[in-house]
Structure formats: C-alpha cells, structure tokens
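Those protein sequences? They're chains Z and D, same order as listed. If you use the working numbering, the first sequence closes out at 1919, no skipped numbers anywhere. If you use the working numbering, the second sequence closes out at 321, no skipped numbers anywhere.
Among the hints, a few may not be true.
[As the list claims (entries may be wrong)] Residues from chain D that face chain Z, not an exhaustive set, calculated with beta carbons under 7 Å:
| no. | residue |
| --- | --- |
| 1 | S280 |
| 2 | G284 |
| 3 | G287 |
| 4 | L295 |
| 5 | D302 |
| 6 | P303 |
| 7 | G305 |
| 8 | Q308 |
| 9 | L311 |
Since the hints were made in silico from the structure, they are not lab data. Heads up, the beta-carbon is just placed ideally off N, CA and C, and yes, glycines get one too.
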Amino acid sequence: MSDTMQVPSISACPACVATPLAVDRAAAAAAETPARIMLSIPDAHCALCISTVESDLEKMPGIRSARLNLTLRRVSVDADASVSPDQIIERLVTLGYPAYELDPGTLSMTHIDRQGRDLLMRLGVAGFSMMNIMLLSVAVWSGATDATRDLFHLISAAIAVPTVAFAAQPFFRKAWSGVKAGRLDMDFPISLAITLATAISLYETFNGGHHAYFDAAVMLTFFLLAGRYLDFRTRAVARSAAQELSALEVPRAIRLSGTVEDTVSVSELVVGDLVLVRPGGRIPVDGEIVAGTSELDRSLLTGETLPVFAERGLLVTAGAVNLTGPLTVRVSAAGKDSSLHRMADLVAVAENARNKYTTLAERAARLYSPSVHLLAFGAFAVWMWITGGDVRLAINIAAATLIITCPCALGLAVPAVVTAASGKLFRAGLLIKDGSALERLAEVDTVVFDKTGTLTMGTPEPVNLADLSRADLEVAAALGAASSHPLAMSLAGAARAQGVIPVTLDHIAEVPGHGVQAMWNGQRVRLGRAAWVGAEALNVTAAYLAIGTQEPRAIAFADRLRQGAQEAVAAFEAQGKRVILISGDVAGAVSDLANRLGIEDWRAEALPQDKADAITAMQAEGRRVLMVGDGLNDTVALTAAHVSISPASALDAARVASDIVLLGASLAVLPEAQRVSMRAVRRIRENFAVSFGYNIIAVPIALIGVASPLIAALAMSVSSITVALNSLRLK
Amino acid sequence: MDILAVLIPVSLLLGLGGLAAFWWTLKRGQYDDPEGDSQRILRGDYDDHPKP
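With the hints as extra help, turn the sequences into a complete structure.
This is the structure we're talking about:
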C-alpha cells in the first residue's frame, strides 16, 4: 500500500526527491492518513442532533472527530482505518438517525465546490465595488460639479472597469457561447447592457459628461450574480446529494468452469456460461436454472411480494434475488440482450417521448430578449432621427433603456423562489433533482402509486400471531430464526418483539425452496410452504407450521404499510386529485391494499410497459401525472410521467429516472410538497408581474430621455429587493 | 475640500478591507453550513475553545 502511495507523492513533489527524509515522512503520513467517512443523515434537523451525533460518535474508539453539516445533512468523520462505515451507521441507527454511506471520492466535489466559490468571490467583489462606487455616485447626484464630478467619475471608473471585467465574466462567457450556437438567451442582453453602460460611461468621463452609469453596471452585475449563485447552489446541492445516493454496486457474477469458481464482471459472461448464485445474491443474468432449489424474490422486478419457488428448469430473469438455496444458472442472455438491459432501452424510449418542458423562466426569457433589443434599438433610431444625428445622445438613451429594462428582478425571480422552496422541501426530506420538477409538480392532478416498496415497505409482517398458542409460537420463532427467508425472519422478529422465548430445536435443516424442519421433543416440526407442510394453501401470503402430526397452522402475512401512506392518499384525495394504484402484484394483494387505503382505482398484474402505457394514455387525455414508484418495473413509468418521485430505498435505476427523491421514510410529506410547489409557482408569477410592473413605469422614462443614473439605480434595486422579499414569503 | 484627499483613499481602503475579510471567510469555508452554524451558536460546548 505504502509503495503505491509513494509513487504519486514523488511525482507530485519533485523537490522531495532531493530530500529522502521528506519522502519517508510523506509515506508515513500517507500510511497514517485517517479515513474520512461521509454519511448522509436525512433526519438531522436541530441543534440537539448536532450534539447527539457529534459527541456520541467522538466517544466511539478510533474516531478522531466528527462534524455534522446541517445544511447538507451530512456528517464527515475522521477515523482510523480500523473503523468501518457500517459500525458508524449501526451506531447512528441506535441513536435514531438512519444513515447512508457516501462515497467521499465523488463527494470531495472539488469541481462543483470551486465553481461555487468562484461565483461567490465574483459576487463579493461586485458587492464591495458597488458600495464604493455608490458612495461616489451619491456625491455626484447630490450636486458635485465640474472637476470634483469628473474626479469622482474617474475613481468610479478605476473601480468599475476591473470589477466588471472580473465579476461579469460568467455572463460574457455564456452570452458568447450562445451567440456561437446562434441563440440569443438572457445572457446576451445582460452582457450588452453591462458592456454598453461601462463603455458609454468611460466615454462620458473622459469628455466631462454629466452622467456616468458605473454604479448601474456594477449593481446589475451584483444582482444578477446573486440570482446566478442561488440557482447554482440549488442545483449543486441536489446534484451532489443525488450522486451520493447512487449505490456503488459493481455487477459481478460467480462463473463456474468445471469445479473452479471465479468472480468475473457480468459483461464478460457469454451465453452458455454457468453462473452460481448464492442465497442473498441477485441473479445477474437471464437464464435457466440447471441445479438447486430455492425461492426467488422478484418484488423489485415485478412488484410481487410473494417469493416464487425456483427449481431446475425454471427460466429466471436478471434482477431477482435468490433467497434460500444456492442456484446454478445457465446464461441464456447476457449484457445487451438481458431483460435488465431491455428495460433500460424502454426507459430511453420513454425519455425521448417526454416533451421538453419549457420552464417559466425560459418562457419569460423568450419573450424578453427580443423585445429588449428592439426597444433599445428603436430608442436609438428614433432619437437619431429627432436630434438629426446626435450619436452621443442616442447611444446614451439606448444604454439607459437597456440598463433599466435589464432583468435584475427577472434574474432573481425564479432562483430566489426555487431556493426558498427546495430548501423547505429538503428540510421536509425531499430532494429536488431537477429545477423544473418544482414547476411540473405544481401542475399535477393525478397521482399514480406503485405498491410494493412504495406504499408498502416491501417487508411482510405476520398478522395473526394472536391465533397461535404460546407453545406453537415458541416453536415457530425457533424455526423462523433458523432461516434467512424474509417470511421466517419477519416471523422470528415479531415473536421476539412479543417477548416469546424460542424453544431449543435439534437437527435443524433448511430445505431450499420449501422451508425449515427440525426435531423438537421427539417430533418433527416444519415451517414452510403449504404443500410441503401438508396444509391447505390459503390465497394470502402465508407460512405454515406443522408440529408432529397436529393439524398445520397457517401464519398469514401482510405487507407493512409505509409510514404516512394513509395520510398521503387521504390528503391527495382531499385536494381533489385522482389517486391510482398500479402494481405488478397479484389482484388479491393489490385490492386488499387499495381497500385499506381507500383507493378506488387500482390495477394489478401490470407489466412495466403496461404501467407506462397507462400513464401515457392519461397524459394524452390532458392529465398531469405524478408517478411514485421504486422498482425496476417502475422505471419506464417514472420516466413517462409528468413528474416522478422515488423513495431513497428504491433501486438505483428508479432513482435516476425520477425527478424527486424522498429521503425520509414517510410518504406524508408528498401532499405538502405539492402544495409548496403550487405556492412557489404562484410566487414566481408574482415576481414576474412585479418586475414587469417596474418596467412599465421605468421604460417610458428612459425612452423619453429623462432617465438619470439615479433613476436607473433606484428602479433596479427597488425591483430586485421587492422580488427577493416576495420569494422569502414562501417560508 | 482638501478633506476629500484623505476621505476617498480611506473609503477605498475600507472597501478593500471588507473584500479581504470576505475572501478570508470564503477560503475558510465559513459559508459551507449556514444552518448548522446558526444552531451551533446556541450551544455552550465550544465557548472556551472553538472546535476546529
């Protein structure tokens, strides 16, 4: 390890080669470098959380320091290499804070960080220059004349020109790339106004003119940078957090060649290879089972909660989880041809079909850019004609028009509201991945839920334990504890929670695909499938317990509702939205859940494409659909919907396909989020109205040629501040 | 009006001083966790020696 570390340290520091001591020291430091572990804690929200998390983690052996960032809900831990992230996560969970590990490599985010600091630095420079220039400008406005005025203008120029050259670069760069691509976006009129104002003021300064717009040029830069920075921050926070969530699961498979097992990347597998899938592992390819019996959990693929019995000859698809026994699978399709990959293709098709959404800001810019240019150019032409060719006056008036119409308020109108709204939603546990998602969420009138993993936790829990005698329960708990099957584990857990002490069993054996059996007090006891135990199968999810020759008992299971599911459905219905449940699970399970939640409209046994088709059909009727789902079978539907939400526990593919990620466990925040988004859109519209209103008053003043730098400064700052304050009302 | 010869450099220097202070806070990462800082100020744990 230290050898590999030395190489870069030498190349990074050529001087170190001359001093071997330094090399040794660097290597020693590298070996001792504590691991920095980053964890996301979505539930952290208060001063108490800081003390609890930090002081408790610092008491753990091997941890040097821990710091909780409440803004990003992230704790960074400096720990010895001996401390594993899992230990810390476990510790945090016992404190009541669920945590996810983050990859510090992608998190150091040097690029994004640097970009943010860069913008902030430009904002700072613009701010401080603005204040200094304003001091001088106020002196001029209040009556400085002749030499004093010219001196003040000169000093202003000395501050303003370098400031504009440095601080306004982001606008110049974007405007230039826009021009090269043949577009006129917001940055072009902004750059034009800033450069024209600076240039004309320089000219006036050197010719002893009365009006200089240095303060306006710098103020414009400042307010627009503020908007830009807010916009950047919202997106950077969302992007980094979304990156964080993507689990780094490298797709690997165990290939059997003869009796040798070797671990290879899934992409290296070819049709005909034999692949071993251990219990608990995910099947990496499509294929046919050639050896072994087990049960498969296909809930993420199809939404079925009940595990499927798997034996020799069964065709399996990639993505299913093997539960009880080892399976050998002969590959029938790998890589591009596998069903996993076909799903990705479907998602790509749906993505193409999704209309490009035009945000309010884009619509405003489309209207704004050409009209501003026309207005300024018209003013120039008309005044040239009126004055019979006074270029200086005409350009002055055109510049004043550009400055006054310049979208200070417009540039703040959207970012300020989106920052306030996404901050509010983030505190509620929702992460907006895409800025336009907020606007799209506001338009929603239909909500489609997936069942397994979304409305329910995807973990079954026993519902009729009370029907069992204490003695039976003790046996069942002991049998359940011996298996890693989800029903068995849930049964054992529930029994433990009731204080049941499991009996001691002998000769415990798990029969893959069937259940667990053992000997107890000289009789055979079994927990497993109905046919194997000798019981009549019920039409609900159940495990069956047989003790000796007694009548077998059924232990029925129901999927546990996700926290807040009931409230969310009720609130959406109270808002007058249509709530629909579409699941890949069997009709019985889906209708049960629909009844429990009071959803009238439900569909069962839907294939991934069916879900997407249903949503596309509703949208063709003019409905705006919010899709909430978590599974692989939901990804196409998530992409097809107007806006989509997936829980943080969802598969990577589903999270990538959705616009908003639910970080907390409860669904109850969704209706509230929808209300927040509607309020946010209303604020954005108000802001546009405000800045438009200011323009209606100020533009005629500029056009008739009586706009002074004082009026320009007033119009600009008052409208920007109004807009910023209006956005803050969202809280 | 001679006072201007003093006051203008002073105001410029003050502005530069403010900018330098801002630059320093930015470099030290003091804007990384505004929400956490607003809560930390209410705690007495690090009153004597601030946490690094």
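Quick rundown of the hints versus the structure:
{"no.": "1", "hint": "S280", "in the structure": "6 Å, holds"}
{"no.": "2", "hint": "G284", "in the structure": "4 Å, holds"}
{"no.": "3", "hint": "G287", "in the structure": "5 Å, holds"}
{"no.": "4", "hint": "L295", "in the structure": "6 Å, holds"}
{"no.": "5", "hint": "D302", "in the structure": "4 Å, holds"}
{"no.": "6", "hint": "P303", "in the structure": "6 Å, holds"}
{"no.": "7", "hint": "G305", "in the structure": "3 Å, holds"}
{"no.": "8", "hint": "Q308", "in the structure": "4 Å, holds"}
{"no.": "9", "hint": "L311", "in the structure": "5 Å, holds"}
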